[in-house]
Amino acid sequence: GYVLEVLLRKHESIRKALGISVPFPEDSDKVMQAILQGVLLRQKDRVDQVQQLLPGIEDFYGSQKKQIEEEWDRLAAREQKRSRTIFAQQSIKVDDVALELASTEEASGNAATVEKFLSLAVRRLGGVVNEITEQGIERKAHRFSFDPHVRLKHRALDLPETITVVYDEPVFPDQELITRTHPLVESIANYVFETTMDSNETSLASRSGVMSTDAVKIRSTLLLCRFRYEMTCKASGFSHTDLSEECYLLAFTGSPQKAVWQDETFAKSLLLAKPKGNINPSTCATFLSKINADFPQLLPHIRDVMNERAARFLKTHRRIRDAAKFKGGRYDVSPKGEPDLIGVFVFLPVI
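Residue numbers (the working numbering): 557 to 907.
In short, the hints are calculated from the structure, not lab data. Glycine included, C-beta positions come from ideal geometry on N, C-alpha and C. A hint or two may mislead.
Here are the simulated distance ranges between beta carbons [stated by the list, open to error]: (1) Ala867 x Phe728: 42 to 50 Å; (2) Glu732 x Thr839: 42 to 50 Å; (3) Ala663 x Ile774: 26 to 34 Å; (4) Gln813 x Ser890: 27 to 35 Å; (5) Thr839 x Ala658: 36 to 44 Å; (6) Thr842 x Lys790: 46 to 54 Å; (7) Asp878 x Glu820: 49 to 57 Å; (8) Arg886 x Ser569: 43 to 51 Å; (9) Gly793 x Ser764: 44 to 52 Å; (10) Ala663 x Thr839: 28 to 36 Å; (11) Ala663 x Thr842: 32 to 40 Å.
Dumping the calculated DSBU-like pairs for lysine-lysine here, alpha-carbon to alpha-carbon at most 35 Å [said to hold, decoys possible]: (12) Lys572 x Lys649; (13) Lys871 x Lys892; (14) Lys846 x Lys773; (15) Lys649 x Lys846; (16) Lys773 x Lys672; (17) Lys824 x Lys892; (18) Lys696 x Lys830.
With the hints as extra help, turn the sequences into a complete structure.
Structure representation (structure tokens):
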């Protein structure tokens, strides 16, 4: 038992320090001598007893124990150096990794995005949303409730009667952690998108709309576009092609004929706009029909943005590959087909 205790304790200390396991030195005689010193001198009263019988034994075995630990530490240092050479962790820049993580989170959606989407979608499905305040914990928690009529109407979604959800840790026994890939989020998101794209379905969202809001001072238009890219990777004796796509927001002010294109920050700010009054349906139809009629004049700029995004996609991919020390591959990213116009939304200043 004591042999195992000595070996495991030293092994564990090295593993915690390096994150890897290092075998103990192969010279078993030195290992057993170091353990013998521990067995003989484990307790204070035993130390005094052994010293009386064998004067100087503590100094002898103490040096043996120190020697075996130093040898094990040298092996650990050698293994650490080899690990850094193989995986090249030291050459990876933390700031670059943080940048890519932030970009990925923005594109795929974080906890705040999931919370906003799910709360709004549940209300539009006919469910009840109650916000829960947890003492001592600053975070969002919601209780969603669906009555039998709503569950029957949307039976394809398999909605629960009641569910209490949180969007980050910690999670208590009566709660469900909801992330972007949770089945509830995926099923509702698919339902919203599919019904919105199908003109024969009653949808929760709209692909077009006109809003009177104090968020703008001049007529502004938000376009939700979908871009497709073809990425090719070629190496020695190897070629692979992937098709990827992304949704991207574009915004301009003024009329389509004299569009003044705005940056991405302005486009995202329009998502937070709140309506300040009703608009006559005929007025809505007039503004939207103008966008449709003049869309060919907007298309060249949308294509330019699509090409720019493809170039940025390629640059990011190469940067990550370079950070990972991946050599010998050639990459190319090119736009595929025409941009898809998923949604058109016009924002009018309050008069």
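Hints, verified against the model:
1. Taking 42 to 50 Å as the suggested C-beta distance range, the pair Ala867 and Phe728 conforms, at roughly 47 Å.
2. The hinted range of 42 to 50 Å is satisfied by Glu732 and Thr839, whose Cβ atoms lie roughly 44 Å apart.
3. Distance hint for Ala663 and Ile774: a CB-CB separation of about 29 Å, consistent with the stated range 26 to 34 Å.
4. Between Gln813 and Ser890 the beta carbon distance is about 31 Å. The supplied range of 27 to 35 Å therefore holds.
5. Between Thr839 and Ala658, the C-beta spacing of about 40 Å keeps the proposed range 36 to 44 Å intact.
6. The hint said 46 to 54 Å for the Cβ distance between Thr842 and Lys790, and at roughly 51 Å that hint holds.
7. One distance hint, 49 to 57 Å for the beta-carbon pair Asp878 and Glu820, is violated here, with the actual separation near 26 Å.
8. Range check, Arg886 to Ser569: Cβ separation about 45 Å, and the 43 to 51 Å hint holds.
9. One distance hint, 44 to 52 Å for the beta-carbon pair Gly793 and Ser764, holds here, with the actual separation near 50 Å.
10. Evaluation of the 28 to 36 Å hint for Ala663 and Thr839 yields a pass: the beta carbon distance comes to about 35 Å.
11. Remark: the range hint 32 to 40 Å for Ala663 to Thr842 is upheld by a beta-carbon distance near 35 Å.
12. Restraint check for Lys572 and Lys649: the C-alpha separation of about 23 Å stays at or below 35 Å, so the hint holds.
13. About 17 Å separates the Cα atoms of Lys871 and Lys892, which keeps this hinted pair within 35 Å; it holds.
14. At most 35 Å may separate the alpha-carbon atoms for a hinted pair to count; Lys846 and Lys773 meet this at roughly 20 Å.
15. For the suggested pair Lys649 and Lys846, the alpha carbons sit about 49 Å apart, so the restraint of at most 35 Å is broken.
16. For the hint linking Lys773 to Lys672, the alpha-carbon distance of about 26 Å falls within 35 Å, and the restraint holds.
17. Restraint check for Lys824 and Lys892: the C-alpha separation of about 25 Å stays at or below 35 Å, so the hint holds.
18. With a CA separation close to 22 Å, the supplied pair Lys696 and Lys830 stays within the 35 Å bound.
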